[in-house]
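Kindly generate the complete structure, drawing on both the sequences and the hints.
Chains as they are written, first to last, in the numbering used here: chain G, 1 to 158; chain S, 159 to 438; chain C, 439 to 1227.
Everything labelled a hint here was simulated from the structure, so no lab data went into it.
Do not rely on the hints blindly, as some may be mistaken.
Derived EDC-like pairs: lysine to aspartate or glutamate, alpha-carbon spacing no greater than 20 Å straight-line [claimed, not checked]:
1. C/Lys1217 x C/Asp1086
2. S/Lys343 x S/Asp418
3. S/Lys343 x G/Glu124
4. C/Lys1213 x S/Glu426
5. G/Lys93 x C/Asp965
6. S/Lys208 x G/Glu124
7. C/Lys933 x C/Asp962
Distance ranges between label pairs, derived from CB positions [stated by the list, open to error]:
8. G/Thr12 x C/Lys1004: 54 to 62 Å
9. G/Thr12 x C/His678: 43 to 51 Å
10. S/Ala400 x C/Ser884: 15 to 23 Å
11. S/Ala400 x C/Glu1200: 22 to 30 Å
12. G/Gln55 x S/Ala412: 43 to 51 Å
13. G/Lys10 x C/Gly889: 24 to 32 Å
14. S/Pro205 x C/Pro1133: 22 to 30 Å
Reference listing, derived: stretches of chain G covered by chain S, where coverage requires no fewer than 3 residues with Cβ under 8 Å from a Cβ of chain S [what the hints assert, rightly or not]:
15. 40-47
16. 56-66
17. 82-89
18. 103-114
The beta-carbon is built from N, C-alpha and C at its ideal position, and this holds for glycine as well.
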Amino acid sequence: MLITLTINGKTTTAEIEDRTLLADFLRAPAQGCTSVHLGCEHGVCGACTVIMDGQIRRSCIALAAACDGASIVTLEGLAGDELTERLKASFVKNHGLQCGFCTPGMIISAREMITRNPAMEESELRQDMSGNLCRCTGFSGIVNAIKEAAEAHRRASQ
Amino acid sequence: MKPPPLVYERAESVSDAVAILAEMEWGARVIAGGQSLVPMLNLRLAPLIKLVDISRIEDLRAFSDDGGRVVYGACLRHGEFEDGAVPDCANGMMQRVASRIAYRAIRNRGTIGGSVALADPSADWITVLIALGAIFTVAGPTGRREIHADEMFLGPYTTALGEHDILCSISLPKLSAEGRTGFYKVIRKAGEYPMTTASVVRDPATGLNAVVLGAVNRPQLRLRRSSAILAASTRWSDDVGAALIDAYGEDLAAAGRDGDPYERKLCETTVLRAVQQALR
Amino acid sequence: MENTTEMELSLGPRGIGVAMTRNEDARFLAGKGEYLADLNIPGTQEVAFLRSPVAHGIIRDIDIPPEYRSQVFLLSDLGDINPVRAVLNHPDFRASDFPALADGRVRYVGECIAMCVAPTRAEAEDIVQQISVDIEDLPIVTDAVAAAEGLTPVIHEGWPDNRVFVSKPSSGDMARAMAEAEIVIERELNMNRQCVVSLEGRGVLAYQDRRLDELVIYSSTQQPHMIRMVLAGLINVPEHRMRVVAPDVGGGFGVKNNLQSEEIAIAALAKVVPFPVRWVEDRREHLVASAQAREHYYKMKLFARRDGTLLGIDARVVVNAGAYSIWPWTSAMECNMVVGIMPGPYKMLAYRGHGTTVVTNKPPHGPYRGVGRPGACFALERMMDELAREVGISQDEIRRMNMVTPDEMPYLTIAGKLYDSGDFPLSVSKARDLIDPEKIRHLKRSNGQHGVYHGIGWASYTEQTAHGTNEWLSRNLSEVFGYEAATARFTPDGKLILEVAIQNHGQGLETTLAQVAATELGVDPRDVVVRHGDTAVSPYGLGTFASRSMVMAGGAVGRACEELGKKVKRIGAHFLQAHPEQVELRNNHVCVGSRSVPFSEVTRAAFRHAQDLPPGEEPGLQISLTYQPESGTGAFSYATHAVHVSVDIHTGLVTLHDYVVVHDCGTIVNPMIVEGQIQGGLAQGIGNALYEESPYDTEGQPLASTFLDYLLPGFPEVPTARIGHIESPSPFTRYGVKGMGEGGAIGAPAAIVNGINDALAELGVEINETPVSPKRLLKALQRSVEKTA
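Quick look at the structure:
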């Protein structure tokens, strides 16, 4: 079937198999969004998290067909976004990544969380981020990075 | 882990969806949020030929407050309850329960109706809806009908919904200002399906008293003797706790439940702590 | 000669010891990492494996619909390929063949039977579903203890029973230890089977490069050179006509540190089809068919005096190594390591180990962070806590009093390891100061309120790292990993490229190796290119595993840069009209006093204007060298973990309130990265202790094939450890560095389970099994209630 999606600001119409997963559609060479990673393909690990119509969702358990007409943003499309750039800088400073595989999903989820609730204290932050798994860092660097970026974002928004 | 070949069709209305389902004797299945169904498709554990997408049907995303009850469209998402985008009929219980379902990214898509229709025995919503005395409106080939919560859940992954039925809405009573609730679940790690859940509702103004237990691989259980203790108590105390333990044991015996001693212990704890919340 | 500003020359030291942020972060944060599944090679077709649905059987028939036959590849379709035969160099090691695709018989659920090839993975899976395999059942073996006793049907033809190898290290006077013992502690313990779970699964892509006439294999692997070497022999392609490349790798932890069936199969397939082929492991495959780890059964005896002095340890262990022997480690590696390292940081009169590796109808064993050490540490440290309880000495004191002391270093242990340096007792005292046992003792007074019990758990261990030739020889491995290699080369414009054979997959080596270069050469570590993971790019070396890279590759890079630095100095001194011994290398300049010349001038001469070089100096500026540490048994890091836990006896849930690690890994190259490794290892240790298990039923069917059943700890489950540092440089390595990547995972299961036992001791409950699930905990509580009743 034919679907139309806006991906990182660019509207595209494509013919797809009905069973095509959104993640695979985004990752294919035509769209080239390989920042979307597949870690489990059943919605648990969070590595495939994207923004659809302003909300985070798993792309590995989304049928592209069901997303017809939606606007999708991946990490590639967040370059230059103020909060994203703050998060990236904080991740670097706080050693928030090692192998990098979980990182795009982490940034997208953290950005959404900070936008929704910039004043989260740590245990709430950890609960809210529980939908993103990391196997390398043991989470502490990521927590510190998010706290730092959230604080900077809060101050800048005042 | 990629889905098998399938046909995707979007239904424009409830009657449209019912008609599409009715076209095929078997192999057509409704998809709403897809947060449970698509993983099963990826694992190739859900044999089907056609998916009927009902997630954008306006009627299924509506909600209304008619004074005594709130009617929630089946395709309202957990995240909408969490964010307070829909009214909370149960003095915050709906919001509290929703905000701890799985993960935020899942809650943004998963629907309350989808949880009901799948009837995973550990699903957070189900003991809540039974405890509140939900009335489900279902549309099928022969028209619309109502199913009460006590008749809806027949066992793990088994409901009173037929192959060609669509769950349309969930009607819940509004608790009075004195209404109190409790919800407790035992999970090993954040976001996973709970091992046990218990929902408790106590509303002296309306006379609604319910204690409902849910556990892995078991049908949900309404605990009548435990509800009686709940109804008769105003505040939690050690005496109430002791009486509750006895009542709970009687409820299990009445239900013919034996099972692993460790499971019994877990369930007992779940019930006690949920009641304790409601009697704070 | 240019004029350099004072500021440029006075930039602070940026080499070893600096907590520099990582060079590799930028591309990952931009979403530009390129993992195996991201590779875009035109014409690539995707492969899905048909895998065995049963744990043991003879394949009677494989029925492939004719319309798909050309897209399905069985072993017989792959031409001349050899099975893997991974053996120890020991007459008693029982050998078996492990074919890349099943050769008539299957021995574990998930074993590869056939490859299905199609333009997309979905279509390839469609073909898999069309094939029906008729398998005649054979008796299924899952019980490792029964297998060790010779009581199970044999799964490898020609073997008398299912024992692969028995390792019996023993040293000292056990008779004396037993005779002098006033206390004997005996326990049975076990650590259940686990998966490794890197977040990125495994994957292989292969094709024939027509221009270079070579077989190119991309693999998500930790050891490209080794894979090329062994694959060449198996699929009959000469090494110089094969290239193995590891792209960005999304975590390894050991599961990508093996020769994998799928690597052989995909490489062989690429020889017989005219297009690139790729297999990307999905999560279910990983949980069912990747190399697994742990599953140890211990019978421990501790002999001690009433004053707490440890006299001897008798350790018996059975390890369930699954159906096949994986190359190069062999089935026996984990078990042999358990009995080899058991004595830990302690002194004693005698040690007797007895380790039996068995085969069963489960997936093969491979290395996973810590390998045998988490299990050995768990068993021994549980015993130490029980000893402490028995003699009425505190848990920290019982350890301190029995440890090797710094003045005894270097110390040859009863297990034959040479401890190089360290202050083990200090790690205990520092951990004690950080965890504050008094605070927890105070909390214990309210034990029982709301069913909550508090406890404190301890674990101390040593971590053998960067072990060299002697150690690998003593393990009878067919391969010896005693060195590493590095090339350091300048470009004509004065920049440095390092080419190394280790493979960086999260450890920060693109940064830390640049820091080593900065220390030796005065280059800017932000501007050093580190190329790794590609047989076409670096000299032959061995890869990243066994916590070896910083020592080995760091040593090789250090040596190479030091040598190169001598030439840079000679040329620079020539330009500065100074003596080579008078000049320094700083901030990309050769300096003497206030005068300097930039490296770009040096390289310009070396590469483009040899006439300007000092007389007798050859053109070019690059060098390739190897490095081996001085001690064959490696450099020993160590740590003490202490954790404050509480247990809810009404749910069986465990909470970690405070986690302390005091560690020593010798000279630290980058403190930020070291802490990251400790914290990351800790998370996996927490998984081992409380969440992760790969259970099998008696039919050999895996019961945890998705993340719904295989639980990984997430943000709420992993507290941030408070880390204390001790720095005892190794006398045997360059810079005194020691490896340290696995330690967090080694100590945590022991510490956490000790904490749980400490919390529940007053209820008479003891738990000696991981993971400590709510079910196990509640059952243990129930048992003790029944006992007292």
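Which hint numbers does the structure go against, in order from smallest to largest?
6, 13 and 17
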